Amino acid sequence: MNDLTPNREERTANLKGMGCARKRVEDARFTQGQGNYVDDVKLPGMLHGDFVRSPYAHARVKSINKEAALALPGVVAVLTAEDLAPLNLHWMPTLAGDKQMVLADGKVLFQGQEVAFVVANDRYIAADAVELVEVDYEELPVITDPFEALQSDVVLREDLAGQTEGAHGPRKHHNHIFTWEQGDEAATNQVMDSAEVVAEESMYYHRTHPCPLETCGSVASMDKVNGKLTLWGTFQAPHVVRTVAALLSGIEEHNIRVISPDIGGGFGNKVGVYPGYICSIVASIVTGKPVKWVEDRMENLMSTAFARDYWMKGKISATKEGKITGLHCHVTADHGGFDACADPTKFPAGFMNICTGSYDIPVAYLGVDGVYTNKAPGGVSYRCSFRVTEAVYFIERMIEVLAIELDMDAAELRRINFIKKEQFPYTAALGWEYDSGDYHTAWDKALKTVDYEGLRAEQAERVEAFKRGETRKLMGVGLSFFTEIVGAGPVKNCDILGMGMFDSCEIRIHPTGSAIARLGTISQGQGHATTFAQILASEIGISADSITIEEGDTDTAPYGLGTYGSRSTPVAGAATALAGRKIRAKAQMIAAYLLEVHDDDVEFDVDRFVVKGAPERFSTMKDIAYAAYNQAIPGLEPGLEAVSYYDPPNMTYPFGAYVCVMDIDVDTGVPEIRRFYALDDCGTRINPMIIEGQVHGGLTEALAVALGQEIAYDDLGNVKTGTLMDFFLPTAWEVPNYETDFTVTPSPHHPIGAKGVGESPHVGGVPCFSNAVQDAFRAFGLRHTNMPHDHWRIWQTANKLGLHD
Amino acid sequence: MSDKMHIKLTVNGEGREFLAEPRELLIYALREHLNITGPHVGCDTSHCGACTVTLNGKSVKSCTMFVGQANGADITTVEGLGTPDALHVLQESFREHHGLQCGFCTPGMITRAAKLLEENPTPTEEDVRFGMAGNICRCTGYQNIVKSILAAADEMNGSEQGQTVEAAE
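Line by line, the protein sequences give chains G and C. For the first sequence, numbering that gives the first Met the number 0 gives the first residue as 0, with consecutive numbering after it. For the second sequence, numbering that gives the first Met the number 0 gives the first residue as 0, with consecutive numbering after it.
Everything labelled a hint here was simulated from the structure, so no lab data went into it. Just so you know, not all the hints are guaranteed correct.
[As the list claims (entries may be wrong)] Calculated cross-link-like contacts (lysine-lysine; reagent style DSBU-like; alpha-carbon spacing at most 30 Å): (1) G/K444 with G/K420; (2) G/K345 with G/K171; (3) C/K7 with G/K41; (4) G/K312 with G/K621; (5) G/K472 with G/K444; (6) C/K3 with G/K288; (7) G/K621 with G/K611; (8) C/K146 with G/K444; (9) G/K447 with C/K146; (10) G/K491 with G/K419; (11) G/K227 with G/K41; (12) C/K146 with G/K22; (13) G/K491 with G/K472; (14) C/K114 with G/K22; (15) G/K288 with G/K227; (16) G/K444 with G/K491; (17) G/K41 with C/K3.
[Claimed, not checked] Residues from chain C that keep clear of chain G, each with C-beta distances beyond 12 Å, as calculated: (18) K57; (19) M64; (20) G102; (21) T121.
[To be verified] Quick list of simulated restraints, FRET-style, between CB atoms: (22) C/G157 with G/P747: 32 to 40 Å; (23) C/P120 with G/D725: 34 to 42 Å; (24) G/Y628 with C/T44: 37 to 45 Å; (25) C/F65 with G/E137: 52 to 60 Å; (26) C/G157 with G/E738: 26 to 34 Å; (27) G/A70 with C/F65: 24 to 32 Å.
It should be emphasised that the depicted structure is a prediction, and the values quoted were computed from it without experimental measurement. C-beta atoms are modelled at their ideal positions from N, C-alpha and C, and glycine is treated no differently.
Excised from the complex, chain C in its bound form (with noise of 0.2 Å):
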């Protein structure tokens, strides 16, 4: 048709271009035609954060961005965080401590909860807990989602050091 808009992103560090209607969700653009399905669509309204990407360094329910307006972003999802030989610290961390149940609501928490460790690389629970607020889960009451990132943050931090020290060698 031709009000569609030559979309151009950067998802997951490979670019891709498009033909999008501008008042097409993001989260369908993602979702259809790109085939990236890790990002879900649970409410419609931005409560659930079930379709939480990372665009231009924030934390952002594709919900509710029209895809006219991320045109040219830089966008992150679940998919973008790890790969099946080298998996994200929060990837392990929410299977090693039960983080998740259904997993509709993981690819959102994880990707909510990586940019959270960027943010705040030494959370408390109570940060933890805050700062998922945005990100509903209906199946494990979060103990083990605040478990789980915790848990990461841990790991990040005790590789950092690892890191550091290495360097420093």
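The shape of chain G in the complex, shown without the other chains (with noise of 0.2 Å):
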């Protein structure tokens, strides 16, 4: 009300809300290694827990021998599932309906498996002790190959024998888990049988891992005195954490406070329960003391949860003139020793109904059989949302081995089976409702700028120079369009362990005019504490940096389901911006009663409430947050607070358009990208600096399991990649430069229109990689090969197609 008032233009880039490249808040910890990591903590007694593991990857246990562990001064205690037996707690549920052993019970079914969990004062002490436990086992045949499993007369779980039904319906043999059927297969094969044209192949996605740069771990503190249980974790689902946990350790839940400090990265990794968190609590309870568990990076590529392993036959029709008209996928999953998928409960091969892609495909059929083998359990949504990255993986792949087929362009064969922008809402034919897209603009506009007909007339001319002798070099063009299903999900359709998919978010506004947000997600590195600020400071005329975001503590946060499968934005943004209004409306009604007017008479205007046609008379949001402490507001509750649980009406369908230019050494089989551009459509952009990060990290993580990242068994089970000197993470001197860019098509039905953008990129990214790769060699008779493409395997390629004669 005075002339220093600051223009609407002024006070809007004041409140640094949605749309804003804020800086992260997180950042001054982070680079002071101020950040406080699980393994950080350190409590007074702390003992150290380490577990004692399975060199084979199936055995039986014949007896183990703790004595000489027990006699190593500063040995506490050493447990197996004997000692776990009692309380119930030597085997454990998993997300997937199936249950798994906490401690090997009478055998191991993986190498890598956890036997025995020694405690001593430190983590030297108990890494002897470990050393000391000797174990007798008998060595049983090992099966690494889900189709020898369905065929093979070993039993390799003995404690479903005689069981027919599993979670997810009938088990057709003593290795078979479930079979999942989507679609309509006889009106498919239909279509198939008088089609055209129909191409077929057949593709392995390798099993690989997410191996964030901090490995798991857990420290429990039992207080024994109040009959309280701390648990401090690499947990991306706190709160379901204290719910299992509760129903496990039968410990009321209100006595358990489950903290996820900072995390180090997760990438899915953290999404499940381990048996060294239950250890922990366990050896808390029993020694009185607070237990830390922390794997090492061996233990964690071997033992927690791997992704991919799916074999994927595929089949598609078309028209001669290529307009696809039906699309049949049949996948052999592998699920290791124990179904420990990720997945809503009524999702065993998660959204693997996505494969048909971006393209309107009238009819379709997805059928999935899971297997068990002598591998590690998981099966882990590494980076996507419940299996997209196989889905987009494989249709993405089908397209380009149709374009051979039809000896078409695989640019002009997207752009003519895409949905159309008028389609959408558009339901695909394996059930899908896509809220929101418009492909032909995203694609037109990645191939314009990467002047794709200049690309493809340079690789035509690279591939005659290449016949006439003069360069060694192929060129690849790989393309690729996705669209991704994230923010699960609506609580009817989506549930992990019976809980449905809501996620929360509780506001406090503080009398000073500054705010706290709790929310039910927590951060693994994507800057939540930058961008939910804004997203709220948007919603309620409160400056993002005077806004608090906590997440992490089931003590405070509202329950929630936590931050994986790109649902933080979708679910948990939603509900934000949606406490936020409940926070405005008790604004409105304060402004009116402090202007004298009716609530009718005044509207919200960036920082504050004016009285409509008069905006000289206002209320800003910090009077608003006085008056709601200090004033008696007839018909008002003191305070200014509001909590929001958001059910998702639908999933979100973010999409991108992506090309890479790649060239290839034929005689050393080393790829070097030239270009890769990325255009992502996630819906309204909170934060464009924090898109862009989130971009060029799953485009990296793509380029490392399209090149060479895989987590590999030989026949004897042994894990050939379990360091990083085998597993392949891309140092800075691999990584290209991206370029990135973007078109935005809000979702209609989330509040913000945002649709969540962290695994795009790997969703996306992967098939790209791996097509351009492919694309290299098109020219010369090659079909598909499968990925991981390191330099190997590529090499293998030229010399199979005669390239080296």
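Take the two lone chains and join them into the complex the hints point to.
Here it is in structure tokens:
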């Protein structure tokens, strides 16, 4: 109300709200070494736990002798399945409806399986004692191939012997877990039988691992005086962990406090519940002291949740002009020794049924058979919504194979089959309702930016030059167009262990006009403390700099299902906006009282309420916050707080168009990425700087998976890639600079139109890198070759095609 | 225990003394005896660089050195690079250019980058990518890390020139 009042633009800028490239509030701590990760938790009298793990992939455990270990000074306890059995904690339920041994109960099913848990005064003594535990094993035949498992007489899961019904229906064989079918197989087959063109391909999406830089770990502290258990851990879903801990331990849920401190990357690895968490809890209950367990890198790669391992067989039909008429997909899914897949309960193969991709395909069928083998359990979504990377890789390879079959340009084939803008909301043949999209605009923008025609002309010249012997480098143009399905999920469809997949936000406005908001999610590097404050700033007119965001402490945060599957912005972000609107609604009443007008006569304006038609009469949010605490306003409770639990009406469907240009040296098999262009449409953009960072990171994880990263086993079930010497994590030296771009197609059902972005680049990136490698050889007759395309495999491809002759 | 060694280190300019088994890795000695938790353990095999410290003027992966070997050394960790009131240029630059996400690699990354810029104050992008190849980041894809370091180099050169001018005056 004076001349110094900043104008509307300045006031908007001061909020640092939606759309602003706000610098991260997290960074001050992290850049000064003041992060607080689980291994930084140090409590008085804390003990350290370490596992005795099986060197065999399949063996009977005949006996365990703890004596020598217990005799070592400093060793406090050695736990085995026998010790956990009276508490009924020697097995635990998995997220997929199966159960998993916490400690080996009679046998082991994969190399690295947890056999005994040693607890000692420090980590060195614990490690020494692990060596002193004598385990007598009797080796059993090892099966690492799911197709062999389905033929074999060897029963891997003796505990399930005779059970013909699993959590997801009938089991066909003693090593079979489930069959999951979606779509109409008869109608699909009929279309295939009469189709003008049918392309078939089998592909293996290899087993890999999310491998965040921080491994998994926990610190359990049982306070026997107060009966309270506090559990710090690397949990992407702390509230669910609390509920599971209550159900398993019998400790009432109000007496359990779960804290996810700073998490050093998750990428899906920290969704599940691992034996180490359970053992640290039991050990703390048994010893009465805090117990820390932090796995090392080899343990992380060998025993915690892997990703992918899908054997996919596809059939795609089309007219001669390239209009797709049907899609058939069958997957043999290798789940390892236990089905510990981290998917919503009703989706044993996750959202693999998004495999019709971005295309208008009238009829489709998907069948998935889950199988046990002697490999580590898991099946997590590594930087993707549930199994979406597999689905998108499948369809984007099938498109390329169909293009070869039709002798057509793969970009054009995509274009003529995209779901059209006017078809949204679009119901796909396998059931999902895509909320919004404008694929043609995105595709045209991408192709134009990279000069697609120019690239193809250059490639054709290169092929000729190669044939003339003037170069030994081929050129590949990798394309991919992806549609993600994220933001699980409507509670009616999606739950984790019975907990509906809603999310939440609780806001308290302080008297002096700053605020704290707490959410049911947990950042693992995504920058929630920065971006959720931006959403709220725009909704309630308080600067993001005056809003603290807190997550990960179940004693203070409202219940939520956590952060994975790009669900934080679509679900908790929506809860944040809606809780903010509740604050605003009450603020409007307070403003009307302060301005002595009717509620309907004031309107929200950036950071204040103004009297309609008289903007010089206003009450700022700061004034309103103070009034909420110091004035007796008739008919209103004091205070200014709100909570919102958000059950999304649908998933969100971010999409994108990627192009990779690659040169490949046929004599060394070394690929060189010349250019990578990534256009992402994640709907409304909250913080462009963070979006760009997420895209860079997701693409780099895609590069890793496509070009070399795998969890490989030998025939005896030995893990061949158990350290970072063998397990490929790209360094700054191998990674290119990426060009990022965007279109904006807001989600029509999300309160702020945001769709989520963290995982899109991984989902779209893997097929793009792979297609680039394979496209380089298309002119020489390559139809399909499996990832990972490491130098040796690329060299072999060139060799098989006679390019070394 | 009788086999413990009397260790003397200078850490971030401060003399520190403690008893440790000589087989203890330097990273655990820093983290657990001295509560210096900036450096992290990421891989145990000296690939990831999350544990990087500067030891007697060289970048060292503290997960691959016994504390016994480090006895007497002068060590700088990320905690010793700047103060909350006077951040190191790299600490500012990583924030400015979004050179970090989960933050787990960041202390090692910044410590290594500080040494790199000491060794080569005017690096090219290629120099930075090669010089940082011993530090793995799983979140950022490195693009913004490289940008942060190059920007810090510019900034440091700028301010040094400024100081030179000041001194000349």
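Cross-check of the supplied hints:
no.	hint	verdict
1	G/K444 with G/K420	holds (15 Å)
2	G/K345 with G/K171	holds (19 Å)
3	C/K7 with G/K41	holds (23 Å)
4	G/K312 with G/K621	violated (61 Å)
5	G/K472 with G/K444	holds (28 Å)
6	C/K3 with G/K288	holds (25 Å)
7	G/K621 with G/K611	holds (19 Å)
8	C/K146 with G/K444	holds (27 Å)
9	G/K447 with C/K146	holds (27 Å)
10	G/K491 with G/K419	holds (29 Å)
11	G/K227 with G/K41	holds (18 Å)
12	C/K146 with G/K22	holds (15 Å)
13	G/K491 with G/K472	violated (53 Å)
14	C/K114 with G/K22	holds (25 Å)
15	G/K288 with G/K227	holds (12 Å)
16	G/K444 with G/K491	violated (38 Å)
17	G/K41 with C/K3	holds (22 Å)
18	K57	holds (19 Å)
19	M64	holds (16 Å)
20	G102	violated (3 Å)
21	T121	holds (18 Å)
22	C/G157 with G/P747: 32 to 40 Å	violated (49 Å)
23	C/P120 with G/D725: 34 to 42 Å	holds (36 Å)
24	G/Y628 with C/T44: 37 to 45 Å	violated (56 Å)
25	C/F65 with G/E137: 52 to 60 Å	violated (39 Å)
26	C/G157 with G/E738: 26 to 34 Å	holds (28 Å)
27	G/A70 with C/F65: 24 to 32 Å	holds (26 Å)
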